[in-house]
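**Student:** Residue-level listing of the chains:
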Amino acid sequence: MKQLMIAAIAFASMWPCGGVLASAQSMDDLNLQVHGYATQGFVYSTNNNWDTTSSTDGSAAWTEAVVNLTAQPQSRLRVGVQARYFLLGNYGNSITLDWAQADYKASDKFGFRVGKVKTPMGLLNESQDIDPAQLWVLLPQSVYPIASRNSLLSHYGGVAYGRLPLGEKLGTLEYRGFGGQRIIGADDGFVQPFKDQGITVPSGFTGPLFGGTLRWNTPVQGLTMGATRDVERLSAAIYSHSMPGTLTVPALESSYFFGRYEHNKLMVAGEYNRVILNSDIQFAGIPAILVRYDVRGFYAMASYRLSDRLTSGLYYGSMINLQLPVSSGRYQKDWALCARYDFNPFLYAKIEQHIIDGTGSGFSTSDNSALQPNTRMTMLKLGVSF
Amino acid sequence: MKTHGGKLVKVRLPVLLLTLAGSMLCMRAHAQVVVIANSSVGATAISKAELRDVFTGASSNLKGGMQVLPVLQKQGVVNSGFLNLYVGKSDSAFRASWRSILFSGQGAMPRTLESDAAVVEYVAHTAGAIGYIGETTPHEGVKILVVR
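First to last, the sequence lines map onto chains C and A. Following the working numbering, the numbering of the first sequence begins with 1 at its first residue and continues without gaps. Following the working numbering, the numbering of the second sequence begins with 1 at its first residue and continues without gaps.
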């Protein structure tokens with residue numbers, strides 16, 4: 001199945017451009033569209049292996065392939081499904097359902113989606129996995145850690161959305177309200193800190209979530225500001241040396257505050273994120289263990305389009321877990337310099353250099369016998385989309 | 001003779017390059033576009049902000065509430081002229097933003113047509129359709145929207 005999907009995308013991408021356009025074009029009667037993309041990454045790092053890869057030796061274990069099918073039987077109704085093959089080191093290597101939804105947009109002011117839907121959190125959560133849409137090889141890990149991406153991208157339930165005009169002098173206000181069930185897979189990066197403590201979570205986490213995002217498109221052309229609040233309750237069956245237990249997270253609370261400004265060839269953006277997690281680990285006959293995380297992260301980024309095909313950018317991201325003891329494992333500071341070149345509308349390449357201080361995100365003792373406080377990381381990515 | 005020829009090349013090459021660059025700039029400057037719509041679209045004029053919102057997927061309605069269907073063109077002078085003038089993005093940046101909408105499930109990709117004539121044909125026969133063509137292209141069967 002995996003090979004079939006990758007082969008299908010590779011075949012479609014090799015097709016002459018006109019053929020690709022024709023095949024990606026909506027089919028008249030059913031308004032059907034088929035699109036997809038595939039990427040292959042390479043990462044080399046000094047000192048520490050990154051996110052379960054053998055990156056200190058150079059690793060190409062970073063592959064993604066996505067196929068998307070959308071139909072629009074009526075002008076206001078859209079149904080669609082998107083499948084993804086994701087491999088990053090030991091994460092993924094499986095095909096998952098990105099989203100499968102029905103979307104009814106009554107007007108610009110109100111619409112809703114139901115099914116498995118993208119969770120509209122922060123500035124970039126809905127699009128953080130869409131490599132062809134991003135300049136960066138790796139988004140700031142201080143706010144969007146790639147290891148937890150598959151689980152935090154979407155949920156089962158719904159999203160209500162709309163765009164309200166505030167008058168010519170005040171711009172527009174976009175809202176997203178979401179609710180439903182979160183399912184975090186057993187192979188997700190969210191589970192990694194528990195694995196590092198010798199706790200296995202064979203079935204992953206599940207639980208309800210709800211939240212909302214407001215985006216204000218200000219009267220200043222290109223300036224958007226916004227905020228998100230997300231509350232989740234999660235639980236899981238766990239094992240420690242074959243001893244069964246339960247792990248409950250009565251409150252996982254996330255807040256995001258963000259802004260972005262685009263003007264001609266320039267884009268600048270910034271985001272602050274705080275995640276508070278209180279978990280309760282219980283094994284029979286042992287007093288409950290309380291674990292608390294208080295992670296704060298932010299980034300500031302800027303990019304400039306040097307030509308129609310070449311764009312370059314720089315970001316600085318920083319995160320800290322205030323509940324951990326003082327060490328290089330409680331924080332991470334990351335400078336990243338990136339360039340993207342679009343060969344044509346379908347094929348692109350990216351290169352990115354990271355200078356990282358600390359091991360708070362993406363560096364685990366499971367992958368590194370002795371974690372070093374500093375890492376340099378070089379990333380390459382080649383992508384094709386249609 | 002060789003030296004003379006070499007001098008000629010030395011003198012003429014920059015002139016030739018300047019002329020070429022100048023003519024390309026002129027082509028860009030003359031890539032005037034007009035916005036066309038199906039006759040079912042009630043409006044006769046559209047603001048730049050409305051146009052940008054419709055073609056970036058931020059909105060699918062005009063101010064009066066009329067639902068419209070944007071139509072794109074393949075890469076070319078008219079397409080880049082329209083994007084520069086009204087959207088403020090390069091073709092690659094514009095398509096990247098649509099991919100973000102498409103792959104996050106927030107919308108479907110607008111129809112992309114090969115030429116001005118194909119856009120006129122489609123817009124003329126599709127209720128609510130709105131597109132852009134070169135200003136000298138014949139446009140029977142569609143209405144021109146004045147961009148305010």
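Treat the hints with caution; some may be incorrect.
[Stated by the list, open to error] Sample of chain C residues at the chain A side, in silico, Cβ under 7 angstroms:
(1) 80
(2) 96
(3) 99
(4) 118
(5) 130
(6) 253
Quick caveat, the hints were computed from the structure, so don't treat them as lab data. Backbone N, C-alpha and C fix where the C-beta goes; we use that ideal spot for every residue, glycine too.
**Student:** Now, for every hint given, state plainly whether the structure supports it.
**Tutor:** Tested hints:
{"no.": "1", "hint": "80", "verdict": "holds (6 angstroms)"}
{"no.": "2", "hint": "96", "verdict": "violated (14 angstroms)"}
{"no.": "3", "hint": "99", "verdict": "holds (5 angstroms)"}
{"no.": "4", "hint": "118", "verdict": "holds (5 angstroms)"}
{"no.": "5", "hint": "130", "verdict": "holds (4 angstroms)"}
{"no.": "6", "hint": "253", "verdict": "violated (24 angstroms)"}
Hint compliance for this structure: hints 2, 6 are broken, all remaining hints hold.
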